Structure formats: C-alpha cells, structure tokens
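Number of protein chains: 2
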Amino acid sequence: MINIAILGFGVVGSGTCEVLSKNADIIKKRIGEEIYVKKILDLRDFPDSPYKDRVTHDADEVFGDPDIKVAVETIGGASVAYEFTKRALSAGISVVTSNKELVSTHGPELIKLAKDNNCVYLFEAAVGGGIPIIRPLYKCLAANNILKIAGIVNGTTNYILSSMKNEGISYEDALKEAQKKGYAEADPTADCEGIDAQRKIAILSTIAMDGKYCNPESVHAEGISKLTTDDIALAKALGCELKLIAFFRNNGDSSASAYVAPHFVSRECMLADVEGVFNAVLVEGDYLGEAVFYGRGAGSYPTASAVAGDVIEACCKGSVDMSLRAWDDSVSVFKDYDDIKSDFIVYSKTEDVASVFADAKVLEAEGIKAVIVSAVSEKELADKIAGKSGIGYKHYLK
Amino acid sequence: MINIAILGFGVVGSGTCEVLSKNADIIKKRIGEEIYVKKILDLRDFPDSPYKDRVTHDADEVFGDPDIKVAVETIGGASVAYEFTKRALSAGISVVTSNKELVSTHGPELIKLAKDNNCVYLFEAAVGGGIPIIRPLYKCLAANNILKIAGIVNGTTNYILSSMKNEGISYEDALKEAQKKGYAEADPTADCEGIDAQRKIAILSTIAMDGKYCNPESVHAEGISKLTTDDIALAKALGCELKLIAFFRNNGDSSASAYVAPHFVSRECMLADVEGVFNAVLVEGDYLGEAVFYGRGAGSYPTASAVAGDVIEACCKGSVDMSLRAWDDSVSVFKDYDDIKSDFIVYSKTEDVASVFADAKVLEAEGIKAVIVSAVSEKELADKIAGKSGIGYKHYLK
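Sequence order for the protein chains is A and B. Numbering-wise, the first sequence is residues 4 to 401 according to the working numbering. Numbering-wise, the second sequence is residues 4 to 401 according to the working numbering.
Wrong hints could be hidden among the right ones.
Identical copies carry no separate label here, and so any pair may be met within one copy or between two of them.
Listed next, the in silico DSS-like pairs over lysine-lysine satisfying Cα-Cα at most 25 Å (straight line) [what the hints assert, rightly or not]:
#  : residue 1 : residue 2
1  : K229      : K372
2  : K31       : K151
3  : K215      : K25
4  : K32       : K215
5  : K401      : K41
6  : K184      : K215
7  : K338      : K32
8  : K344      : K387
9  : K401      : K168
10 : K382      : K344
11 : K32       : K115
12 : K32       : K118
13 : K25       : K41
14 : K239      : K168
15 : K372      : K115
16 : K215      : K31
17 : K25       : K151
18 : K364      : K352
19 : K31       : K115
20 : K25       : K401
21 : K41       : K55
22 : K401      : K382
Worth flagging that the hints you see were computed from the coordinates, not collected in a lab. It should be emphasised that the depicted structure is a prediction, and the values quoted were computed from it without experimental measurement.
Looking at chain A on its own, in the form it has when it is part of the complex (with noise of 0.2 Å):
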C-alpha cells in the first residue's frame, strides 16, 4: 500500500480522492499496489464527507509522516501552497499538483528540489486539465525539436467567445452567463485578462526549449475582455474564427517567443471549431508535424484525472520521469513583445488597406477590406498606422 495526502480539499482535491476511491481496483492491478488517502490537510472540516476522519489542520502530521510517499497540492495559488510543496519535497515526498500558478511562477525551483530529494514533481493538470499534453511533450515527442505550440488553453473565455458568436450577445452579457453557470469566476480577471493563459504557455514554452525558463511575468498577455460581436463579425466575414491563443514559437536563432492574444484563426487550422469551455492544444515538432490535442480543459473530474494519473507515475516504483529535467532560470531566451514578429489580420471598411501595405495578401471578404501582414511586430504594425482612422488589426493564426 502507498499512502499519500492531499493538501487543500477542494474541487480537484477531492475529485482526486473520488478517483482514487472509485478506480482503486484497476489502479491496484496496473501497478501492483493500493493507493491510500493517508490525511487530507485542509483548514475546513469536511463533517459530511467520507473522508471527514483523515482531514487534518496540522501540516506537521502530513510532513513529519514518514509513510506518506506523495502529495497531491490542490491549495492553488503561489503562498501557502508555495510554502507547502518546499515542505513536501524537502521531506522527499513527491508532489503532484494542478496549480499553474506555481509551476510557472517557482518551477526551476521546486524541480530543483524535488531532484536533490529524490522524489518527483509532477503537474501534468496545469495544463490542459484532463488532456494529456505535459507527458505527451516531455515523452512521446522526446526526439524532436518543438517549434510551435498554439492552444487555446482557458474554457472560461473559450466558452464567452462561443456565446458572443452563438448568441449574437455582448461581452458583458457572455460574461454574466457564464459566470450564472459556474464557468467564470465572481473576479473573472485571471480568465478574462489571459492571465490564466499566461501561465500555461509559459510552462509548455519552458518544456519546448528545454527547461530554458519563460518567466510567465515577461509574456505579454491581452485578454478578451475589448472585444466586441462586432469582431466576432468580422472573424466570421474573414473566414475566421475569433479565438484567445496562447502562442510559443521556437524561433530557430535560439531564442523564443510566446504571447497571449486573441487571433482570427483560420478555419482550416484544427483549432477554429473548438467551442465552449473545450480546451485544444495544436504543437508542431520537425519531424512530428503537427499534432492536436483536445478534451476539457476544467473541472474536477477531467483535472483529478490528470492528477490521479501523476500520482500513479509517482507512486511506481523506479518511475523515472523527464519532468525532472532541469529549469534553468540564469539566462532568459524569450523576447521582449515589441521584439516579436508574428502574422497580422489588417482590415478596414473604409481604407484601401492593401495599399498601405503594398506586399501583403489581400482577403477577399464582402464589405471589408482586408490584408495578411506576416513576420511583422505589434508595434511596427500601430506605427505604420498610426494616424490613419478606421483601421483594425488583429494576430492571425493559418
């Protein structure tokens, strides 16, 4: 038997703990051994739930417990839970954890940690809540050189921008009727301004250059919280459809970019028909091509998945896992914003936009006039049409 503690009893906290319970006998087959809920830390008492006898407040029962081999942390946040994973880890005991937050934020630190320990740190759920793509990165895609990583990886502004085109209602009406549902937050400001975003593309973009760390506070990230059903209209007049990426290109001179921005996706990419609170991530390895993958970003369920499935990993014996190579902090290798070149939808319904800019593709579109501006930055972009009124842009992904 293998104990482990759960640290912060929440939503995927006990998600986790329902998995485990539920799908204890074919886990106990596939790996040989039963997986024990030892102690549930948390600073509420669960009276109503079965685990309510393993609940305690007392971290030191937790940490100064020899028999407990992993802790899932699903506190969230970067303060108590920071504090708790130094804990653990210290301890040798191996953390799993859905907390984007502190990956992104402590990463370099905590693998660190846990390799000087001798246990693990695993966080498959930070990323694409049920999908496998943090494992996928790291292991199946071990041969190539990744050069590109498109997702759209928060369901909160991928289900808005669903309801502004589906329903033909504004941002702010979206927002409300997502928030009624319980896919937004009361403060939808880490959803709506991409800040959860941020984070993801800063760990798969840590991943894709080989532990070269992407600090997620020099990404630049712009949410969805501007946009209008007058966007979503010209998105669909284009071909397009409006969607908020999380973009990181390996840009082959050793260094990076990655960014955070709504895109006028192009129906031909895989990414344009994912709806609702659905999560895709689209990555292109230079012998893998390009590969999508796709399933719920969120909830309780699709994340304790994920966890339970680290915590399987860690609780194997002689599990080996790439997770532990290093993050490297010394030096960055991602761009300043204003650095980064990408590809631009330029429009207008009033200016000949292709004669601003001369070598550009024209889209034909009713009503509108557009060009496809490639390799060019944000800011060259603003000053080339600065001045001129009636102009629009936004980034475009093919």
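Keeping the supplied structure of chain A fixed, place chain B upon it in accordance with the hints.
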C-alpha cells in the same frame, strides 16, 4: 553512449536514423547520453546512404552484440519481424516498433518475453503514426476506466473519402488518385478493407481492457470499397460526414466490443472535421470525459518521431513503462459482432422508415426519410428491414 540497431532500413527505419542523427544534440541533452545507431540489418545494400558502413546482412552481428541495448523493428509483417523480435527480446535487447500487424497478432507473447528478459517492447508508432496515443492511454489515463474509443486510424481511407466528397469522384477514381500521390499502395486491400484499422483498434482495445487481449481476427472489419458518391451525398444531407471508424466500447459488464465500419459521423463530433491523410483518436475515460488526439497517422517522419521517442524511453536508465502490463490471451472478453449493439442511421428515399422503427429518433432532411436506431445489432437491423426494398443504413457516431 547507448548503441542501438535498426532492423529493416525502409521509410520508417531510415527516417528513425535521420531523426536520431539530426536531433542528436538535443536528445543527448535531454537524456544525458548519446544514442548511436551501430548496426543496420537489411537484406539490401545502401551504397548511397551515409549509414552504408553500418549495414549488415548477418543477424548474428546484431543479436550477438552485447553492446546493443535497443533494436528498432521496422521490417513490417509478422514473419521475419516476428523471428527477429523474439531473438532480440530473448537476448535482453529492448525492441521498439511501428509494426501494428506484429503487435496485434503476437503482442501477448512478445510483451511477456520482454518482461521475462528484463527489457521492454514499445509500440507507440503502431497506432496513429506520430500522434501520441499509446503512452497517454497507459500513463496519463492510468486512473481512468476507458469507456470508449473511436478513431480515424487509417489515413489512406480517410484521404479517399475526403477526395470523394470534395471532388465528387467515385471510390475507384479517388483510389487511383491516392495511389498516384503515394497515399495508397498498389494493393490497397489492407487499408481499404479495414484490415489496418482492425489491427490498430485491436491494440487500443487490449490496452483499454487492461491487457485482456483483443485478437484482431475476431474484430469485424468492413472497409470503404463498397461506398459510393450516393453515400457521401446522403451523409451530407443528414448533417454528417462519412468516415471509416475503428470503434471500441467497454460494455461495463466485463465484456467489450470492437469493430471497424463506415460511419455517419455527426458534424458535432470532432472526428467529423478530420480531413485527408490525417488521423484522430477520440478516447472517453470515466473521469477524463472525451479527449481527441489528432495528427499525421503515417509517413516516414511522423512515424519516425514516435519510434525515436520510444527508443529514448527504452534507453533511459530505470525506464519503467506500463506497456509492460501483461497482455492476457487466455480468455476473450470481446463479443462476436452479431452480438454487438450499436447505433445506426436508417434511411430511405421512398419508404417511411419511421413506421418501421417506431421508437427511433426521426431526422429531418430534404428528400430523405431517416431515423436513428439505437442499441441494436447489425443482424437485428438487417432482419428487420429484410424484404423491404430501398432502405439503407450506416453505423452512426454522435
């Protein structure tokens, strides 16, 4: 330095050599050791290859070399490949392969042989080419009961169906075009009659049932060679796409179902958007919900990407892979096709099919009467419409 051998220097074998060589630096950085292709076993000589000096025709030079830790079997088929795989594993040499025929036919014996000789038999590339699917099933979904798999796992047939739809051409013409482009073989039987898909779904089904072996020969396989442009038009009129689907279901009563057949796929299903040579596999786990894995299911480079990923796994010190979970062929839990209940769309241009299937859901479509009939075997369905002319049906995937 870790020495490996390639058995069979065809498109996938030489592609694997190339990825391991071109990306040697990053691979070395990732796993801490260099991977070196020491021997290439093939009947042919390759005087123009940079690897010509490593080519041998003598199997003893490979299997008798104690330096060789991993053999890449890219011979194909189940005769020579079978013998060589047994020799390698018996000598404690791990084997990595893209050979779906061999894995699906002799998996139970070969996995046991690997375990008995303290090495591994890995086959990520056998299903979905470059798309990560085997390892995510074993690892990321380790806490889930896998309830359902529906896959477009054969690029040739998907390409042909896409051409029939987009160009309005017949199966025969689309096949000729695919052959000209190198997407179909001179003898297209294995692809077009569903045999390739049958092997792949047998592998996925065995994994999904925790090693309870699914013999590919027991999997009902209907291909695409009888499909017409009428079928394509019908699919469109019914809001569906016509796709060759490899299907698995855990029936929840300790039995399972697997089959390959053309399906009308609802446009709401992510598989409906998979066009051309691409593959996609939809997996439903009891906690994960649905996830889709999409990408290039064949071709030298994507397949080599997956093979090389497995080589890296096999080379890692202390590598413990769940593909070592035994495959047990002592009992079969898979139902005979005649006993498998599934969903169909039944349609007619003349007959009132709704009166034949009283409880079925009626579909609205111009010029066609159609119903969705649920949980019925194809045999029961055929019996019910026997003697009634002008009624057709297809499997249905929502």
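Consistency of the hints with the structure:
With identical chains, the CA atoms of K229 and K372 are at most 25 Å apart within one copy only, with a shortest distance of 22 Å there and 47 Å across copies. Within a single copy, K31 and K151 get their C-alpha atoms only as close as 38 Å, which misses the 25 Å cut-off; across copies the closest is 21 Å, which meets it. Taking the closest pair of Cα atoms, K215 and K25 come within 25 Å of each other only across two copies (21 Å); inside a single copy the shortest separation is 39 Å, beyond that limit. Only between protomers do K32 and K215 lie at most 25 Å apart by alpha-carbon distance; the minimum there is 12 Å, versus 38 Å within a single protomer.
For the homomeric pair K401 and K41, neither the shortest alpha-carbon distance inside one copy (50 Å) nor that between copies (42 Å) is at most 25 Å. In this assembly of identical chains, K184 and K215 lie within 25 Å of each other by CA distance neither inside one copy nor across copies; the values are 39 Å within and 41 Å between. Taking the closest pair of Cα atoms, K338 and K32 come within 25 Å of each other only across two copies (23 Å); inside a single copy the shortest separation is 48 Å, beyond that limit. Taking the shortest Cα distances, K344 and K387 sit within 25 Å of each other inside one copy (14 Å), while across copies they are farther apart (63 Å).
For the homomeric pair K401 and K168, the shortest alpha-carbon distances inside one copy (20 Å) and between copies (23 Å) are both at most 25 Å. Taking CA atoms no more than 25 Å apart as the test, K382 paired with K344 passes inside one copy only; the shortest distance there is 9 Å, against 60 Å between copies. Taking identical chains as interchangeable, the C-alpha atoms of K32 and K115 lie at most 25 Å apart only when they sit on different chains, with a minimum of 17 Å there against 32 Å within one chain. In this assembly of identical chains, K32 and K118 lie within 25 Å of each other by CA distance solely across copies; the values are 17 Å between and 29 Å within a copy.
In the homo-oligomer, the alpha carbons of K25 and K41 lie at most 25 Å apart inside one protomer (16 Å), although the nearest pairing across protomers, at 48 Å, exceeds that limit. Taking the shortest Cα distances, K239 and K168 sit within 25 Å of each other both inside one copy (9 Å) and across copies (24 Å). Proximity of K372 and K115 under a CA criterion of 25 Å is satisfied in neither setting, with 53 Å inside one chain copy and 64 Å between copies. Taking the shortest Cα distances, K215 and K31 sit within 25 Å of each other only across copies (16 Å), while inside one copy they are farther apart (37 Å).
Taking identical chains as interchangeable, the C-alpha atoms of K25 and K151 lie at most 25 Å apart only when they sit on different chains, with a minimum of 18 Å there against 38 Å within one chain. Taking identical chains as interchangeable, the C-alpha atoms of K364 and K352 lie at most 25 Å apart only when both belong to the same chain, with a minimum of 17 Å there against 46 Å between chains. Taking identical chains as interchangeable, the C-alpha atoms of K31 and K115 lie at most 25 Å apart only when they sit on different chains, with a minimum of 20 Å there against 30 Å within one chain. Taking the shortest Cα distances, K25 and K401 never come within 25 Å of each other, neither inside one copy (43 Å) nor across copies (28 Å).
With identical chains, the CA atoms of K41 and K55 are at most 25 Å apart within one copy only, with a shortest distance of 11 Å there and 59 Å across copies. Taking the closest pair of Cα atoms, K401 and K382 come within 25 Å of each other only inside a single copy of the chain (21 Å); across copies the shortest separation is 46 Å, beyond that limit.
In summary, the structure is inconsistent with hints 5, 6, 15 and 20 from the numbered list given earlier, while agreeing with the others.
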